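S.K.: Each chain is listed here by its residues.
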Amino acid sequence: MISSFVRDQWYVAAYADEIGTDLFARTVCGEPLVFFRAEDGTAVALADRCVHRRFPLSQSRRDGDTIVCGYHGFTYDTSGSCVFVPGQKRIPRTARVASYPLVEQDSFVWVWIGSRDLADPDLIPRAPWLADPAYTTVRGMEPLAARYGLLVDNLLDLSHETYLHGGYIGTPEVAETPITTEVDDEKGVIYVSRRMADAACPPFYAESTGIKGRITRWQDIEYRPPCLYLLHSRIAPAGVLPNDDGTDPGAFHVEVVYAITPETENSTHDFWAVARDFALEDAKVSGFLHDSNRAVVLQDVAALNVLEKVIAAEAGGYQELSINIDTGGLAARRILARMAASPVKEPA
Amino acid sequence: MISSFVRDQWYVAAYADEIGTDLFARTVCGEPLVFFRAEDGTAVALADRCVHRRFPLSQSRRDGDTIVCGYHGFTYDTSGSCVFVPGQKRIPRTARVASYPLVEQDSFVWVWIGSRDLADPDLIPRAPWLADPAYTTVRGMEPLAARYGLLVDNLLDLSHETYLHGGYIGTPEVAETPITTEVDDEKGVIYVSRRMADAACPPFYAESTGIKGRITRWQDIEYRPPCLYLLHSRIAPAGVLPNDDGTDPGAFHVEVVYAITPETENSTHDFWAVARDFALEDAKVSGFLHDSNRAVVLQDVAALNVLEKVIAAEAGGYQELSINIDTGGLAARRILARMAASPVKEPA
Amino acid sequence: MISSFVRDQWYVAAYADEIGTDLFARTVCGEPLVFFRAEDGTAVALADRCVHRRFPLSQSRRDGDTIVCGYHGFTYDTSGSCVFVPGQKRIPRTARVASYPLVEQDSFVWVWIGSRDLADPDLIPRAPWLADPAYTTVRGMEPLAARYGLLVDNLLDLSHETYLHGGYIGTPEVAETPITTEVDDEKGVIYVSRRMADAACPPFYAESTGIKGRITRWQDIEYRPPCLYLLHSRIAPAGVLPNDDGTDPGAFHVEVVYAITPETENSTHDFWAVARDFALEDAKVSGFLHDSNRAVVLQDVAALNVLEKVIAAEAGGYQELSINIDTGGLAARRILARMAASPVKEPA
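Chains as they are written, first to last, in this note's numbering: chain A, 1 to 348; chain B, 1 to 348; chain C, 1 to 348.
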């Protein structure tokens, strides 16, 4: 099997507050990593396999800013260099494990998977709402037992909201309204837009915004392959539009962010966050949006886990039938395949 | 692995009353199917994979006589034609899933696996006792985690009754009495007959018939590959034989029917039914025969599940030693191999 | 995958008292075996697969000194010869299962895996303490879900005691003290010696010997590939050495014995025994040593089970970094690879 992973890329490894004093294991793009914060607070990621006999360092213990392997005591500093081996004074020159570039930004810890010298922090896509005091965010991460491409497909075609998420965010208009898709091949960004002028207000928004009647509902997707998916969601009473100057005081804005991080070829870390610009201090709205969005994500997880089994069982290949709603998803597949085949060369 | 399935054949998919209003999933010969009854009562079987992204239709919902895919809402009528897709008016010409010919007969729902235009209902073998008011039937279906060939082997050699089913249907005479085997190669039917003139009466028959002493016991097997296995069982007090005109008032007749339906290469639907021409209204006899026969089937299931693991572990091949009792089973293997290699061409 | 098993060798199949009247199944080097004691007390091992349809004989029943297959009644005597088949008088000439040479020695039942005519009992390595009244032994067997080579690695490098078994047998000196390794290539024996002149006394020995202060601690390993591992352990108050004539009244001696018996390519029977020459009748010491050593073995089992998964996942190969402490383990790998490639030819 040829790897479907796109290398030389930044991926969300964790939320910043998942990484602390304890050793923390997570696999990204098939690479097992161990994370911890050094005593000065810096987040560190090392390859999670001792260079001696492959024992997972995450099942070891810290001694100050070093990790002492739980099997034979090989000891590594935060750069991955070995500083102690048992039974001899001389430390072999090659005794080191890989360390991984990390950047903390927008509440995420991003890890660079690929050639270390290509790791340019300026390439990390932004999701500024998640760390912006003008927004309140609820969030989570659900393990998905399916290849990441199925989640990309899922998120780029929201017509499934009507069928899979009927009680939460789906209404008939989502499936019925045509979409416009734009692909910026140079920057590698995909935009899918669905603007409903006069739609039913799904429970997800009725409860949180207090709008009673029908709504104008915009779903503007912006996917920055491979990892970051943004859904700019605008809800307003039917007919209320932004001002000509771009201000938009009559609407509610929700920024839905997914970080799609492959774990193995057949499993994915499904990070999700919902940031809103209204009811900022309202704990009840936060609780409702958290629980509702998590329920929606778990409906997707359940469906995609089924689909992974279906596809894995059809080893000999299978056919699909694509229609207009799939335009964004097909563009994403094309871009991801191109990126997997030829990774980014030089940072600017 | 080359498929061992015999195609262009009728298989028992279900008992008629298993299929109702709700969507019902069952895989036959590796083909995932979804069943339901249309509003007019007709049983319907469609391929259980949406043409769009392969989502199982069985995990969807009905809307009248259509199935609405639970993922993106592709909607199919009872012929498998797609009648709605989301986000556009035009329905692609190729948007359809396969529908499968079904026939309800002898309490079973038979499904045709193979080329649709070869599906001739006259080819379905009969088990008329199961729907005949002159008989009372108990029955069940047990999932078997073993290839169907192991069940064929098992049923064509009843000498195992003595060892595996000692407390129920086995007595020493079953293992000791020689068998006669006849193979009708043209019709593809195998007959194995074991006639015990003077045998102990096993608990299974002593309890249900009330016979106290020794018995004349006939076991006449008729196997119509691939799916239908009949055991015509005749029990009478020792020495009591049928009249010259074929009438047989002094005996008890039990028709044991198995439908052997491959699910995957390594699992099988093991349908079993026991029809009797005595004590027709006696609920206690029905309960006893149901529980006893189910216990016997579960003993076979346990043994064959073990055997499947043994065989699967011996990937490099293994040897067997066949003796006289295996004549019927070996003939069945030969006929099944021939049928798998060259399926039936044209119906008469 | 090429087998890593070394054939034409004796392996520990069981403790003598594990084998009794009941049929007992255990797989050795991938060969499924059934064991029992004949009525005269002799231990018997046969291939655990009926020659007819491969049913496991261990799931059958005994009839005197024969095994009656639980499926169709093929019956075998203690030599593996078939003495009954169902439905006919003639027993086919080839109806027999393999029988395996067994020797009971040093509390173990040893089985010969390989060509029967090469089975020379004089080749069995000895662990006489286990059946010597001058010693008291505690022992056990833990199933290991890892290839046997990982256990060989583990036992030949005891520096891991400091890290994996800190609370029981590890102290800093074990990891710090250099080892001497000697390989007798002709006899195929590996000796690894670590002699600590002045070391902390780990709880394992402090509790059982009553020594209060620091100790002289010798760990002299003797590994006789593939199966038998001996650790001659000497503990004495610091500075106390054996007399010039070899007597050693001031020391405590513990003989730690492991029998490393491959079950499958990825699982192992991990037999362990601890024989001591002190506190012979002291049940509290026996209980303490049993529980402590079992805890140590289970720490190894847990670590090696993790390592097996790590290695199995790295199908494409992986790198290790070996240092001085690995000298014995690397020698063992080399000898085992040689033995696996060309088994012993003729017994002397």
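Rather than coming from a laboratory, the hints here were simulated on the basis of the structure. Just so we're clear, the structure is a prediction, and the values are computed from it rather than from any experiment. Any given hint might turn out to be false.
The list treats identical chains as one, so a pair stands whether inside a single copy or across any two.
[Claimed, not checked] Lysine to aspartate or glutamate pairs mimicking EDC-like chemistry, simulated, CA-CA at most 16 Å apart:
#, residue 1, residue 2
1, 187, 122
2, 89, 176
3, 187, 207
4, 309, 31
S.K.: Could you figure out if residue 89 and residue 176 sit no more than 16 Å apart (CA to CA) within one copy, between two copies, both or neither?
M.R.: between (72 Å within a copy, 9 Å between copies)
S.K.: Go through the copies and call it for residue 309 and residue 31: within, between, both or neither, with a Cα cutoff of 16 Å.
M.R.: Result: close only across copies, 15 Å inter versus 23 Å intra.
S.K.: Between the shortest in-copy and the shortest cross-copy C-alpha distance, which are at most 16 Å for residue 187 and residue 207: within, between, both, or neither?
M.R.: Neither. Shortest intra-copy (37 Å) and inter-copy (69 Å) distances fail the 16 Å Cα cut-off.
S.K.: Measure nothing new, just compare the shortest in-copy and cross-copy C-alpha distances for residue 187 and residue 122 to 16 Å and report within, between, both or neither.
M.R.: within (14 Å within a copy, 64 Å between copies)
Figure legend: structure checked against the earlier numbered hints; the only hint not met is number 3.
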